[in-house]
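Student: Got chain A; can you put chains X, F and H on it based on the hints?
Letter by letter, the chains look like this.
4 protein chains.
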Amino acid sequence: MNITLAQAETVIAAAKKKAAEINTKMDICVVDAGANLVAFARMDGAWLGSIDIAMKKARTAAWFTMGTQDLSPLVQPGQSLYNIEHSNGGLITFPGGVVLKQGDEIIGALGVSGSTVEDDQTVAEAGAGAI
Amino acid sequence: MNITLAQAETVIAAAKKKAAEINTKMDICVVDAGANLVAFARMDGAWLGSIDIAMKKARTAAWFTMGTQDLSPLVQPGQSLYNIEHSNGGLITFPGGVVLKQGDEIIGALGVSGSTVEDDQTVAEAGAGAI
Amino acid sequence: MNITLAQAETVIAAAKKKAAEINTKMDICVVDAGANLVAFARMDGAWLGSIDIAMKKARTAAWFTMGTQDLSPLVQPGQSLYNIEHSNGGLITFPGGVVLKQGDEIIGALGVSGSTVEDDQTVAEAGAGAI
Amino acid sequence: MNITLAQAETVIAAAKKKAAEINTKMDICVVDAGANLVAFARMDGAWLGSIDIAMKKARTAAWFTMGTQDLSPLVQPGQSLYNIEHSNGGLITFPGGVVLKQGDEIIGALGVSGSTVEDDQTVAEAGAGAI
Chain A
1 MNITLAQAET VIAAAKKKAA EINTKMDICV VDAGANLVAF ARMDGAWLGS
51 IDIAMKKART AAWFTMGTQD LSPLVQPGQS LYNIEHSNGG LITFPGGVVL
101 KQGDEIIGAL GVSGSTVEDD QTVAEAGAGA I
Chain X
1 MNITLAQAET VIAAAKKKAA EINTKMDICV VDAGANLVAF ARMDGAWLGS
51 IDIAMKKART AAWFTMGTQD LSPLVQPGQS LYNIEHSNGG LITFPGGVVL
101 KQGDEIIGAL GVSGSTVEDD QTVAEAGAGA I
Chain F
1 MNITLAQAET VIAAAKKKAA EINTKMDICV VDAGANLVAF ARMDGAWLGS
51 IDIAMKKART AAWFTMGTQD LSPLVQPGQS LYNIEHSNGG LITFPGGVVL
101 KQGDEIIGAL GVSGSTVEDD QTVAEAGAGA I
Chain H
1 MNITLAQAET VIAAAKKKAA EINTKMDICV VDAGANLVAF ARMDGAWLGS
51 IDIAMKKART AAWFTMGTQD LSPLVQPGQS LYNIEHSNGG LITFPGGVVL
101 KQGDEIIGAL GVSGSTVEDD QTVAEAGAGA I
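Protein chains in written order, with full-length UniProt numbering: chain A, 1 to 131; chain X, 1 to 131; chain F, 1 to 131; chain H, 1 to 131.
With the rest of the complex left out, here is chain A (with noise of 0.2 Å):
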């Protein structure tokens, strides 16, 4: 089972608003289960470079069915997955990345990028809660 597009848009909705909320401006984005593009979008002033970000967390999110915060600790120097972020032609594994689930099922994944990274979790955990 795959998020709908329906279900991404509440999604990113609520990631929007949330921002607003926290006075934040994120690029935002929701990948289906097989890690394909469903939903993007870019608030007004939001850094250009943060569009690749979003989305690289939001796949490695869905790569690895993790949240991205998950793997901060095990790609340090010295630690089992360490310069993993050299596959799949670029991962992103600081927080922001989370997994988005009806039930048990996880049907897709969203990727907030835009500000601190605690500012993107918060803003990647209201969207994620929205379904």
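Misleading hints may appear alongside valid ones.
To give an idea of the interface, some chain X residues facing chain H are shown, with a C-beta separation under 10 Å as derived from the structure [as the list claims (entries may be wrong)]:
| id | residue |
| --- | --- |
| 1 | N2 |
| 2 | D32 |
| 3 | A33 |
| 4 | G34 |
| 5 | A35 |
| 6 | N36 |
Here are a few chain X residues that sit away from chain F, every Cβ distance over 12 Å (derived from the structure) [said to hold, decoys possible]:
| id | residue |
| --- | --- |
| 7 | T4 |
| 8 | A13 |
| 9 | A14 |
| 10 | N23 |
| 11 | G49 |
| 12 | D52 |
| 13 | M66 |
| 14 | I84 |
| 15 | N88 |
| 16 | I107 |
| 17 | V117 |
| 18 | E118 |
If you're looking for bench data, these hints aren't it; they were derived computationally from the structure.
Quick caveat, the model's predicted, so the values are computed rather than measured.
Backbone N, C-alpha and C define an ideal beta-carbon position, used for all residues, glycine too.
Tutor: Chains X, F and H in isolation, oriented as in the chain A frame:
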């Protein structure tokens, strides 16, 4: 001057409406005047292969400030721009990419892919007409 | 022997002058004999898509020590170099790329893009003639 | 609002002057606010490997609307943006990339590479100060 996210969402909504009217499923991409992504939507069941085509149509139109269908005759074998598609990481030079204007100024571009090129162009024009 | 930056700037100035004379806006790229970038200028309002095309024209001319227009007939369907554009990360094989010579020696190449291929070639020849 | 070619040439001239004063050879790149190339110059004898670094420094500064040296502490192992360099086809996050402003508005960015990062930054600041 660049397109706003609100304008891009209006364009995508109009494109989705037309796509549904003519019974097609489309990938729809809006970029700004600098060819940077603003918004994207993949209608449920639309071809995965059209995600990238919609993006490349939008970027091609923004990069050359003209609709992709104006390029089609020029890129044929023996014509002046033959194999221009090898530039810029890949162009798409068949119909479905159009510029987005506010008055006389180009503020972005729209790319549509998912059906015949005639249908793609019809939906792109409906989207562009919404600004 | 390689082109100097001062020579490259002379070439670009001559190309800009000719482009203005024929009322065009060009992207202009100079590479050395090793196909490495020396200097570049995008005239105000020139196509963004022509940045990469000007670069690829210059590199193509440097890589094969001949003008891109000499390649055009050879890359057509059925001809000997058909689809050579797939090499080297992308070639451009229509007019607008020329070699730069000091006496009989090739010291670099110039790529021009932004108008018709005839205009591009005219501006490229004007640039090359400045050395 | 975007930087003009005339402004970019002024920036490059100032950067070249400073580079010569401190006895270095630099690759110097100017992009517009959309991170698209405007002008480039490689001083005679400057490292070939710095062509791409100067470009990536300029783009990184434009994409994130901040100097690359502001990113350096954030991308270290254990820090919040660790390995962000894997995005956008490759970032450079050490000093030498700066934004270019007209009044309060960012109109482009400048990247300088070819010596120590301290020298690169010195030359970049001299270039940026010319607008």
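Student: All hints are to be evaluated individually against the structure, with a verdict given for each.
Tutor: Right, here's what the structure says about each hint:
A least Cβ separation of about 8 Å between N2 (chain X) and chain H falls short of the 10 Å threshold, and the interface hint therefore holds. Interface restraint check for D32 (chain X): the shortest CB-CB distance to chain H comes to about 7 Å, inside 10 Å, so the restraint holds. Checking A33 (chain X) against chain H by beta carbon gives a least distance of about 8 Å; that is within 10 Å, so the hint holds. At its closest, the beta carbon of G34 (chain X) sits 3 Å from a beta carbon of chain H; the interface hint therefore holds under the 10 Å criterion.
The beta carbon of A35 (chain X) comes within 7 Å of a beta carbon in chain H, closer than 10 Å, and the hint placing it at the interface holds. Because the beta carbon of N36 (chain X) sits about 6 Å from the nearest beta carbon in chain H, less than 10 Å, this interface hint is met. Listed as a non-interface residue, T4 (chain X) keeps its Cβ farther than 12 Å from every Cβ of chain F; the least gap is roughly 20 Å. At the 12 Å boundary, the C-beta of A13 (chain X) stays outside the reach of chain F, the nearest C-beta of that chain being 27 Å off.
No Cβ of chain F comes within 12 Å of the Cβ of A14 (chain X); the nearest lies about 26 Å off, and the non-interface call holds. Chain F leaves N23 (chain X) outside its interface by the beta-carbon criterion, the shortest separation being 33 Å against a cut-off of 12 Å. Its beta-carbon lying about 20 Å from the closest one in chain F, G49 (chain X) satisfies the requirement of being farther than 12 Å from that chain. No Cβ of chain F comes within 12 Å of the Cβ of D52 (chain X); the nearest lies about 16 Å off, and the non-interface call holds.
Distance check for M66 (chain X) against chain F: the nearest CB is about 9 Å away, which does not clear 12 Å, and the non-interface claim fails. Listed as a non-interface residue, I84 (chain X) fails to keep its Cβ farther than 12 Å from every Cβ of chain F; the least gap is roughly 7 Å. The beta carbon of N88 (chain X) sits about 5 Å from the closest Cβ of chain F, which is not more than 12 Å, so the claim that it is off the interface is violated. With a closest Cβ-Cβ approach of about 14 Å to chain F, I107 (chain X) is found to remain outside the 12 Å limit, as its non-interface label requires.
Non-interface call for V117 (chain X) relative to chain F: holds, since the shortest CB-CB distance, roughly 20 Å, exceeds 12 Å. Distance check on E118 (chain X): its Cβ is at least 25 Å (rounded) from any Cβ of chain F, clearing the 12 Å threshold; non-interface status holds.
Of the numbered hints listed earlier, those contradicted by the structure are 13, 14 and 15.
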